[in-house]
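Take these sequences, add in the hints, and give me the full structure.
Taken in order, these protein sequences are the chains called A, B and C. Mind the numbering: the first sequence is residues 1 to 259 in the numbering used here, read in order. Mind the numbering: the second sequence is residues 1001 to 1338 in the numbering used here, read in order. Mind the numbering: the third sequence is residues 2001 to 2286 in the numbering used here, read in order.
Worth flagging that the hints you see were computed from the coordinates, not collected in a lab. Keep in mind that a hint or two might mislead.
[Said to hold, decoys possible] One-sided and incomplete, this derived list gives chain B residues near chain C with beta-carbon spacing under 8 angstroms:
{"hint": "1", "residue": "F1107"}
{"hint": "2", "residue": "N1187"}
{"hint": "3", "residue": "V1254"}
{"hint": "4", "residue": "P1305"}
By construction, the Cβ of each residue, glycine as well, lies at the ideal position given by its N, Cα and C atoms.
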Amino acid sequence: MSEPVLQTENLTKRFGGLTAIDNLSISLSPARIHAIIGPNGAGKTTFFNLVTGLLSPSSGRIFFRGRDITGCRPYVISRMGIKRTLQVKSVFPDLNVADNLWITRQARNRFLNPFRAAAGDRDTRMRVEQTLEQIGLTALAERPAGTLSYGDVAMLEIGMALISEPSLLLLDEPTCGMSPAETSRAVAKIRDLAHTIDIVIIEHDMDVVFGIADDITVFAQGAILASGNPAAIVDDERVLEAYLGRPEDEDFMEEALNA
Amino acid sequence: MRRRSIEMALAAAGAAFLVTVPWSIPALIDNFWVSVITEILIWSLFAASVNLLFGYVGLLSFGQALYFGFGMYGVALGIDRLGLSFWPAFGLGIAAAMTMALVSGIFAVRLSWHYFAIITVVFSLIFYFLAVSMKPLTGGDDGINFTLPPVFRFDGKAIGLTDPTFQYFFVLAVVSLCFFLMYRLINSPLGKGFLAIRDNNLRASLIGLNVYALRLIAFVMAGCLAGVSGALFAFFGRYASATYMFYQVSGEAVVWTIVGGAGTMFGPLVGTALFIVIREIVSSHWEHHSLIVGLLAILSVIFAPRGIVGLWNSWMIRLTGRETVKKAPSRLTLRAEP
Amino acid sequence: MKDTVLLLAMNGLIWGLIIALIALGLSIIFGLLDIINIAHGDFFMVGTVLAWFSLSVTGNFWIGFLVAPLIGFLLGAIIQRLVIQPIHGVAALSIVATFGLSLILQETVRITFGATPRRILAPIQGTVPLFGVDYEIYRLFAAAVALAALAGFFFFLQHTRLGIWMRAVRHDRETAIAMGIPARRVYVMTFGIGFALAAFGGAVAAPITTVDFRGGVDVLPFCFMAVIIGGLGNLPGTVAAAVLLSFLEGLIQSVADPTIARISSLVLMSAVLLLRPQGLFGGFTK
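Laid out in structure tokens, this is it:
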């Protein structure tokens, strides 16, 4: 049993009177795809925001591979290897697709060179071309990212996550707004990535969740309601009640699990 | 490819024109216009400092006149009070401007755009009033005059800016160098980092860019450009005055930049040239030229919201059917983010 | 010594109340419409000029209190339709557009009114003893009028249909439109009211300041500072900030010359901006 990739100790986040994350102690093992599910407002994205340093906790600690990252600034955490996509797809709209990937790759360097021509960096250029092929956006390389369709923006985000060679990848509803075809493409990509990268994914699409997750954690009201492998979650009554709704949905869950 | 050739031809023509100004202009129009064009070059560099921050990093500074003033007074006081010769005075002006930019930038670039904009005004007003109150040193609004030391000395002969042709070429050389450096900067990794911050600073921090540090670097660079233009201005007029540190000077540069095309290389030059030329032409015939300038400003943002260079870019797309590579960014014409 | 402190502090307080009116006008234009109105100081200046013209044409100063806001409102509405709407209220473009507007306003005034600054005699002459100081009656009267106008404006905002619409559109534009609120009309009215407030402030202030085509230049940065420091979008905050800043400056003026007082209040403002970026009283982010 190796060291958990992500771990929190009594993590709490309050916004005024609202407790968004309530005494959360979670431990995610490496080399397994984790899914976080739960109703809206359960604190899933807040959790991601805390881990990536966009929010600082009211109390508690966060550990990344044993290292205390509580209170670190976002770019520091990013440099440690934690990358994420955002719930509302967010790229650099006025840069073209290739440049979006290009700058993501370059951001790893502590020093951005003001003297060389950007086009001259062959290593980065190669990686950009490779990644473009991997996500299938080579034809759109010169287009400003702001003009892309929603599905393509989502793929670009995944591409940006790829090219940055993260050690932990947090995906926030990656298939939200995608067509079924795009969703399959994305799921395949994520499965590929999981071979080399630790992944935590927030999702609402149950097909996707049960299709790729090794472990599922259910959030409700800022705390863990249940966690375990997909079969255990499906059988868990509390989960069914709090989140999945009426008992009729049980059949749907069984189907999805066996799909 | 046709678009490229059109633009290269235009650039070559522009360069040819600029290089022959000291002879062509007096022949075609008037000697006076040589100094107008010299002034346009100086002020376009100042506008470029606004453009670097606003067009490429997304920071709207209304206080660049502060660094202009430091450059200007660095030269004036360096020559007048410290007895410095040309190059040390020039260096002092630039160093003073950059130092001031660093010090104020450390505090200012932490803020989001509304607050950043207002604090740049506040800082520049503080030093404006300081300059006004320290009248014995700065001459206040009346300013101080000084005699110009020569630029180069060899074989006992001195060449200085008192020769209008040499002065013109000196200014042209310095301004061209600065624009060239800006061009290299924008196309460098650092420049792309700036663009990323401008487009989406949240995303930028998530991919590992230190937004604060990059903004500060840009701010100091812009301060340097403003300082150089201030120094050139002092050399050009043999004069420095607190009036040029007032917020209206900063505001004008913002207007020139936006009308010319923020986020484009030549936008500041085009905008500055347009306003100054119109002002000079109209004012010699009619005293109420401000009305025309005001009307021009309003009409240009209604009909060319991406600036003149932006308009040119759209024409080029329609003409050649190709996507632009260097158009004015759409972000700047949207509501700026809080 | 104590007399001067009191005198200058009261001057500051009263000026603050008047400036609060002007700053409030900017607050609804900047806070609600996201327009960086470079011409706002000139709106105030136009108010002083309108007061002067009403006085010289009719011989009655008080008419100006009616004329200035009325004409101001009309001008504001026209400007919104002709200049602001075509640029779709884009913040960056509004800088240039209002800059052009400012030039046009200043030059028009220079043509019609002239380039020499003039003064208006206070319609109420005389002083009254207050806290041991002989204080100008008109200034007290001006403060009272400003207070009444401020109160009236906030009442309007809370209790009239247009006021509620303005608040709704500021809060959430899309929902407001979906609910059937005519957003475009609200924008026109808002700009008109913003001009009217500034112009009214100008009319009230005219006897205690100079009437000059450059009269807006110093007022402008102060208004922006009051709006930002009071908290963006926070209308009562703008008023409080304007009064506070002006009062402080008046206070400092009693121990230092006006320029130093200016510098100190500016330094204070930077401190506030840096230490409390959301403004003294908290603002909204859109």
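- Query: Hey, does the B/P1305 contact hint survive, CB to chain C under 8 angstroms?
  - Reply: It holds, given that the least Cβ distance between B/P1305 and chain C is near 6 angstroms, below 8 angstroms.
- Does B/V1254 pass the interface hint, meaning its C-beta sits closer than 8 angstroms to a C-beta of chain C? holds, 6 angstroms
- Given B/N1187 as an interface hint, is the shortest Cβ-Cβ distance to chain C below 8 angstroms? At 24 angstroms from the nearest chain C Cβ, B/N1187 fails the 8 angstroms test, so the hint is violated.
- Any CB of chain C closer than 8 angstroms to the CB of B/F1107? Since chain C brings a Cβ to about 5 angstroms from B/F1107, closer than 8 angstroms, the hint holds.
Hint check: a violation occurs at hint 2 only; the rest are consistent with the structure.
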